[in-house]
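Asks: Here are the chains, one letter per residue:
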Amino acid sequence: MVKQRRDAALKALVEGVPYIGFLGIEFERRGDELTAIMPFQEMLIGNPALPALHGGATAAFLEVSAIIGLSWSLLWDEIEGGTLDPDTLLLGDLPRLPRTVSFTVDYLRSGLPRDAYARARVNRSGRRYASVHVEAWQDNRARPFAQATGNFVMPRGDG
Amino acid sequence: MTKDRSTIAREFIDAVPHLRALGMEVTRIRDGCAEIAMNYDPRFVGDPETGVIHGGAVSALMDTCCGAAALSHPACVGWAATIDLRIDYMRPATPGQRIRAEAECFHVTRSVAFVRGRAMDDDDDRPVATATGTFTAGGV
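Going line by line, the protein sequences match chains A and B.
Each step along the first sequence adds one to the number in this note's numbering, with nothing skipped, and position 50 is 50.
Each step along the second sequence adds one to the number in this note's numbering, with nothing skipped, and position 39 is 39.
Misleading hints may appear alongside valid ones.
Calculated pairs, SDA-like style, for lysine to any residue (alpha carbon to alpha carbon, straight line, at most 20 Å) [as the list claims (entries may be wrong)]:
1. A:K11 to B:D47
2. A:K11 to B:T7
3. A:K11 to A:F27
4. A:K3 to A:T83
5. A:K11 to A:D87
6. A:K3 to A:F27
7. A:K3 to A:D77
8. A:K11 to A:L84
9. A:K11 to B:R43
10. A:K3 to A:R114
11. A:K11 to A:R29
12. A:K11 to B:E49
By construction, these hints were calculated from the structure, which means they are not laboratory data.
Turn these sequences into a full structure, and let the hints guide you.
Replies: Structure representation (structure tokens):
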């Protein structure tokens, strides 16, 4: 029951962002750990000759993973602490998302035309600023094809 | 020779599925400089409350524009694959307005092209974002 409400809250958070749906990105949750999945589709191709994923699609995937990962970590603390009822998210009362200040992507190898996965790690989460590192891989978790570091301004509680 | 390279680059960009999906339009590409535009589209929104375009879409535009600038540089041989790209977001792009990126490849070594770019909406004087990137330049 708790699990279903949390999954529904995560779904509401993700489905609130049109660009995540445009790219077809999904999230899987194990406790507080999220894995982002970008199922392969033709429109993600950037180099038809290889073929390879577009660097912009990879960058967007990493940034989406970082923002949702950071946002979920904030919500998780509030849900765990009892200050946020996950049902309020389902009613459309979605939290403001962190705003990206800077985002740096390293392309380690070309993205293959198949599903991609990503996990974000929040390295700093303060009152005003946060820093998040994210890695994306395909077949082999130990061989990421891209990584990124993003700095964010936290959403203000007073709107 | 330079004109041929630019024509090839333009045709290549037009044939890329992800750029077609984002509706990108090359408005200028020549001798290490490129300008690419992307129309506002509700599907690209990142902040549903304000209607502001997602940073990821701006990243895709910047990556494409910086890569096109590198590709069109006379000293750049082969495909310009991104090594790294940093985007700084100055302000949210105004919802409803077309975003225009311009990039300049300002240095090329035997293996690396260095590029900087910026993205604007209708207000040319206040960039939405700036980019700094490195690309492969030496062929494979």
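Asks: Does each hint hold? Answer for all of them.
Replies: Hint check:
no.: 1; hint: A:K11 to B:D47; in the structure: holds (16 Å)
no.: 2; hint: A:K11 to B:T7; in the structure: violated (44 Å)
no.: 3; hint: A:K11 to A:F27; in the structure: holds (8 Å)
no.: 4; hint: A:K3 to A:T83; in the structure: holds (17 Å)
no.: 5; hint: A:K11 to A:D87; in the structure: holds (12 Å)
no.: 6; hint: A:K3 to A:F27; in the structure: holds (15 Å)
no.: 7; hint: A:K3 to A:D77; in the structure: holds (15 Å)
no.: 8; hint: A:K11 to A:L84; in the structure: holds (16 Å)
no.: 9; hint: A:K11 to B:R43; in the structure: holds (18 Å)
no.: 10; hint: A:K3 to A:R114; in the structure: violated (30 Å)
no.: 11; hint: A:K11 to A:R29; in the structure: holds (10 Å)
no.: 12; hint: A:K11 to B:E49; in the structure: holds (17 Å)
The structure shown violates the earlier hints numbered 2 and 10.
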